[in-house]
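Keeping the supplied structure of chain X fixed, place chain Z upon it in accordance with the hints.
So the protein lines, in turn, are chains X and Z. Take the first sequence: its position 214, counted from the start at 1, is 204 in our numbering, and no numbers get skipped. Take the second sequence: its position 249, counted from the start at 1, is 239 in our numbering, and no numbers get skipped.
Do not rely on the hints blindly, as some may be mistaken.
The list makes no distinction among identical chains, and a pair is therefore deemed to hold if it is satisfied within one copy or across any two copies.
As the list claims (entries may be wrong) - Straight-line alpha carbon distances no greater than 20 Å define the calculated EDC-like cross-link-like pairs of lysine to aspartate or glutamate that follow:
1. K163 x E330
2. K270 x D191
3. K163 x D129
4. K152 x D129
5. K(-7) x E90
6. K303 x D40
7. K259 x D41
8. K333 x E269
9. K132 x D332
10. K0 x D111
11. K63 x D52
12. K88 x D191
13. K88 x D111
14. K88 x D108
15. K(-7) x D191
16. K11 x E56
17. K63 x D216
18. K255 x D40
19. K(-7) x D160
20. K88 x D153
21. K218 x D191
22. K113 x D191
Hints were generated in silico from the structure; no laboratory data involved. Being a predicted model, the structure only gives us computed values, none of them experimental.
2 protein chains.
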Amino acid sequence: MSKWEENVRKVVPYTPGEQPKDQNVIKLNTNENPYPPSPFVMMKVNEMKDDILRKYPDPTADMLIESLADYYKIDKSSVFAGVGSDDVLGMIFMTFFKGELPILFPDVTYSFYPVWADLMDIKYETVPLNDKFEINIEDYIKPNGGIVIANPNAPTGILLEKDKIIKLLDNNKDSIVVIDEAYIDFSPEGSSCLDLISKYDNLIVVRTFSKSRNLAGLRLGYAMADPKIIKYLNDVKFSYNSYTLNTFTILAGTAAISDDAYFRKCNEKIIATRERFSEKIKELGFTVLPSDTNFVFASHKEKAASDIFQYLKNKGIFVRYFNLPGIDNYLRISIGLDEEMDKLLEELNTFLTQD
Amino acid sequence: MSKWEENVRKVVPYTPGEQPKDQNVIKLNTNENPYPPSPFVMMKVNEMKDDILRKYPDPTADMLIESLADYYKIDKSSVFAGVGSDDVLGMIFMTFFKGELPILFPDVTYSFYPVWADLMDIKYETVPLNDKFEINIEDYIKPNGGIVIANPNAPTGILLEKDKIIKLLDNNKDSIVVIDEAYIDFSPEGSSCLDLISKYDNLIVVRTFSKSRNLAGLRLGYAMADPKIIKYLNDVKFSYNSYTLNTFTILAGTAAISDDAYFRKCNEKIIATRERFSEKIKELGFTVLPSDTNFVFASHKEKAASDIFQYLKNKGIFVRYFNLPGIDNYLRISIGLDEEMDKLLEELNTFLTQD
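Just chain X, same shape as in the assembly (with noise of 0.2 Å):
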């Protein structure tokens, strides 16, 4: 070994989901949305003259976060953007946990929770869900460094009511709390925290391109919130990288977010994709989480989930198995088209009348 490695930081990094290059499977392993982004990304990326390119993006952003403060009808100093919300979690793990209390989040969640506390050398504790896979609020009242919760919580699909958050913020004003809404947009009206924000100074909630604007392949999330929370985020950027959004970015996010017909369109469809999924699945014998979601946490009553996963995946068909304690009988299947799902009920069918 050289010297040099000894001042190495290293880390065991979180593992995306498979993202196969035959482009014939059916990919229901990453969440993302089966439908195109809407027409108006490409009209405005096709528009665009190539001699912008050759200039820096501008470094603030400012018509994306304008279009996003505009339809959310805050003021644009509550948003802050960045190369998807793993930027933006991540940017808000380096700027506001560093109190020696370790923060806190359940021990089945999003995984990368963990990853950017190791990266960053700071101290969490994970607090169990219960046995019905929900979070319990009442464990996270207590003397801590900052609480992460994903809600509706990944993998699970669970919805976690607006009132049990307002009580955790009722009695939790001394430490940041981040909500972190990739998934809100599959959850009924009114369940977002979002209008929160104005009343408690130390709340986040996150947002995602990837799920419901159709943009996984944008690389844009988005935070809002009190806008000196939004100022140490940017103080924290900038001191990091510049230009975070490029310009393509910057059009395509404004774009999509102008086209909310559209948004609603395509999740009115998932939803009602899942909900007869969900129906279907249990009748071959699945128990299903209840999902506000754009994806189902389902466990077989007599089938090994990691059996279920290699049979489906050498069909061409990919969800997604976790071999983690307490999840690893389950699949998280996310909703495509009805086709797929179609195709998908029939494998699964097929393999469980197989013998």
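Just chain Z now, with coordinates in the frame of chain X:
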């Protein structure tokens, strides 16, 4: 002050060059390329099917990494890419500078280096340039936690001879040496340290698409080094954000690399303009440091740089002025189109002869 603010990472962010929204200004302040990107870039982007954007990009950006590896005739395990060379350098600081000894870089150089060090609590020591604004390599041969040298240096534009870097590498095996070659494509052939990465496993060469590839708007940079270094970098990258490069960036970057003739032609034109412009402003009474970049660093014998800066700005010509000790009577002027430089010369002439 709320209690949660006690645990905030408080930093003094880097200030990027102004990005005026008025499209009619002559913009010579951020070292952008005056020529648009290769026509292949928009062609490839326009060929893109919108369905691809609903999916996550390839987290390893394989197509781009392979095209860079092929172009430079190195193995793809020696290439790392990020959101501009800022992201790449930020990741390098985060990954390799965990030691007790201070890292070293010049006192006059890219002003992001101390910002990253501060953000990540890295000890650093700045090493003064000599009175000709040159790096004296002997000053770096001492115990250190890492060395970062921009070559050619910015904002001076001065190239350090390769044999001096070899001398440094021969005498510095125990820490990482970063050579930031953002401007090397405007230097004489043979100036780059790239061929040394196979000999020195602690050397990292960093490059960007923002200058010589005409793509500042894309945010794409890369590092080339021993595969062991790239592995450590990727581990940290995958612990922060699995997908930093979006689908546009991967496509457009690959297309730009494929058009070598265009790349060479633009660079030759810029070098010719630089030489012509340097002679002309010398005639106007400027001292011009020898530049091997796409900018010149110049000081006038009689007029204060800050006054010239302000005068030009009022005339719609943006150059860069750093109000920093030792260089506060210099202007950094990016090389634009010939007609832009002529207009600048004309305004300078008017200003200098006005009283």
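Alpha-carbon proximity between K113 and D191, which holds within one copy, between copies, both or neither at 20 Å: Answer is neither: 23 Å inside a copy and 33 Å across each miss the 20 Å cutoff.
One pair to classify: K63 and D52, alpha carbons no more than 20 Å apart. Within, between, both, or neither? within (16 Å within a copy, 40 Å between copies)
Cα distance capped at 20 Å. Does K270 pair with D191 within a copy, between copies, both, or neither? Neither: 44 Å inside a chain and 57 Å across chains, both beyond 20 Å.
Up to 20 Å CA-CA - D111 versus K88, copy category: Intra 9 Å, inter 12 Å, cutoff 20 Å: intra and inter.
Is the C-alpha distance from K88 to D153 at most 20 Å within one copy, between copies, in both cases, or in neither? neither (28 Å within a copy, 44 Å between copies)
For the identical chains here, do K333 and E269 meet the 20 Å Cα criterion within one copy, between copies, both, or neither? Classified as within: same-chain Cα gap 15 Å, cross-chain 71 Å, threshold 20 Å.
Tell me, please, which holds for K(-7) and E90 at an alpha-carbon limit of 20 Å: within, between, both or neither? Result: close only across copies, 13 Å inter versus 32 Å intra.
Identical-chain pair category, K303 with D40, by Cα at 20 Å: Neither: 41 Å inside a copy, 26 Å across copies.
Homo-oligomer pair classification [D160, K(-7); C-alpha up to 20 Å]: between (51 Å within a copy, 14 Å between copies)
Between the shortest in-copy and the shortest cross-copy C-alpha distance, which are at most 20 Å for K218 and D191: within, between, both, or neither? within (8 Å within a copy, 44 Å between copies)
Indicate which option fits the pair K63, D216 if close means a Cα-Cα distance not exceeding 20 Å: within, between, both or neither. Within one copy, since 14 Å is at most 20 Å while 50 Å is not.
Cα distance capped at 20 Å. Does K88 pair with D108 within a copy, between copies, both, or neither? both (13 Å within a copy, 15 Å between copies)
Hint compliance for this structure: hints 1, 2, 6, 9, 20 and 22 are not met, and every other hint is.
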